[in-house]
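Protein chains: 2
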Amino acid sequence: MSKANAHVVWHPTTVTKADRQRQNGHKSCILWFTGLSGAGKSTLANAVDQQLHERGLKSYVLDGDNIRHGLNRGLGFSTADRKENIRRIAEVAKLFVDAGVIVLTAFISPFREDRELARGLVEPDEFVEIYVKCPLEECERRDPKGLYRKARSGEIAEFTGITSPYEEPLSPELIVESGTQSVEESVQIVLRYLEERGIIPARR
Amino acid sequence: MSKANAHVVWHPTTVTKADRQRQNGHKSCILWFTGLSGAGKSTLANAVDQQLHERGLKSYVLDGDNIRHGLNRGLGFSTADRKENIRRIAEVAKLFVDAGVIVLTAFISPFREDRELARGLVEPDEFVEIYVKCPLEECERRDPKGLYRKARSGEIAEFTGITSPYEEPLSPELIVESGTQSVEESVQIVLRYLEERGIIPARR
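Residue numbers (the UniProt record's numbering), protein chains in the order written: chain R, 1 to 204; chain B, 1 to 204.
Hint data in this document are derived by calculation from the structure and do not stem from the laboratory.
In this text the structure is predicted, and so the values were computed from the model without any measurement.
Backbone N, C-alpha and C define an ideal beta-carbon position, used for all residues, glycine too.
Treat the hints loosely; a few may be bogus.
Covered by chain R, per the in silico footprint, the following chain B stretches (three or more residues, Cβ under 8 Å) [said to hold, decoys possible]:
1) 18-29
2) 40-54
3) 62-72
4) 82-93
So here's chain R without its partners, still in its complex pose (with noise of 0.2 Å):
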C-alpha cells in the first residue's frame, strides 16, 4: 500500500537495517566463501556459524544443503542456469543482510563474473570474499562426496578443477589455505577479520 493513502490513519515507519544491527549488536554482511569441491567451504562456513552463535550473534549458512532442493530446484548446469543459480543465493544473502543477519554462503561459485555480481548488490563494506584455497590434487584425494572420480570417469559432464575452470579471486578480503591450516585455525582468520572491521564486537 502506498505510504501517501490518505484513509489509512496508521503511519508506518519501517524498521530499518540499522534498526536491526542495532538491537543485534553487530553488523550484518555477507560471508562469500569460494573454492573447488571438496576444499572445506561448507564445513568452515558452519565452524565460523557456530562461534558466531556461540558469541550470541545472529547468523546463517546457505549452501548445498538448505538451496539445492529448495529455492534453486529446477537449475540445471547449463550457464545460463549456474549464473541464475548464483544470482538467487546472492539476492537471498542480501535479503538476511537487510534483515541484520550475518550470512555465509558456501558454493563454488567459480566465476569472477558471478561472484562480482553478488558483490555489487550490497555496500561495499557488506561482503566479504573468502577464497578456501586448497591444491587440486588434495581436493581430489579426498573427493567427500565422490564427485571428482564421477568427473575423471565422465559421468559428470562439466565439473569445476576438471573439465570447467575455476577463476581464482583476484583480490579477497581472505584466503584461508584449508589444505595445510585447521579448520579451527581457519575459524580464527575469520573471526579476528569480522573484529577487525568492527563488523563484529572484538573479544572481551
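Start from chain R and add chain B according to the hints.
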C-alpha cells in the same frame, strides 16, 4: 564436505533451528498475509514487524519492495511465472524460519494452490495464513498505486479481482477485516494470536 571425511579433524556440529529459536527467545514461523491489492497487507505486515522488533524479537518482511526487483526479477505474469514467484518467496521464507526469524510475507498470492504449496514447505505450526479481507470496492476506491484504474482501462491485462480471480482462503489461521478494523486493531489480533500459540512470549 562430507561429515564422514576422516581427514578433517574438526567435528562438525551445525547450529539448529531449535538452537536459534532458543537464543532468540521465541519460535519462528511464516506469517503469510494474503488479500487483494490495496487491502493493506504490506502496511499490516510492516506494522506487526515493527511491534515484534520493539519487543526485541527477530522478524523480517518480504514484500514487493525487496523481492520484485531482486530475487524475482525477470518473472512475468504468466501462470507459470506467478507460481514460480510464490514458490521462491515461500522457499526464502522457509530459510528465514530455519534461521529462527519470524518472517512476514505480503503478496496478493491469489491462488489457494500456491498458498498450500507454501504451507507445505514448513511444519504445520510454522505457517500462519492471515487473510487481509477488504471489499473489492474499498480496495478500488483506495487504489493506492493506481493499479485498479489501469486494470479497468485495460492497461494491465490480468489483475486480481478485476480480470483474474482471487481465491479466498478456506480456513486461514486469521482473518483481519481491513475495511473496518484499524491497523492498530489488526496488529493486536496478530500479536495476540502469536502469544496464544506460544510463538512469542506473552507481554508482561
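Hints and how they fare:
1. Check result for the segment 18-29 of chain B against chain R: holds, 3 residues qualifying (beta carbon to beta carbon below 8 Å, three or more required).
2. Only when three residues or more bring their CB closer than 8 Å to a CB of chain R does the claim for the segment 40-54 of chain B stand; here the count is 9, and the claim holds.
3. Given as covered by chain R, the segment 62-72 of chain B passes the check, having 4 residues with a CB less than 8 Å from a CB of that chain where 3 are the minimum.
4. Coverage of the segment 82-93 of chain B by chain R holds in this model, with 3 residues showing a Cβ closer than 8 Å to a Cβ of that chain against a need of three.
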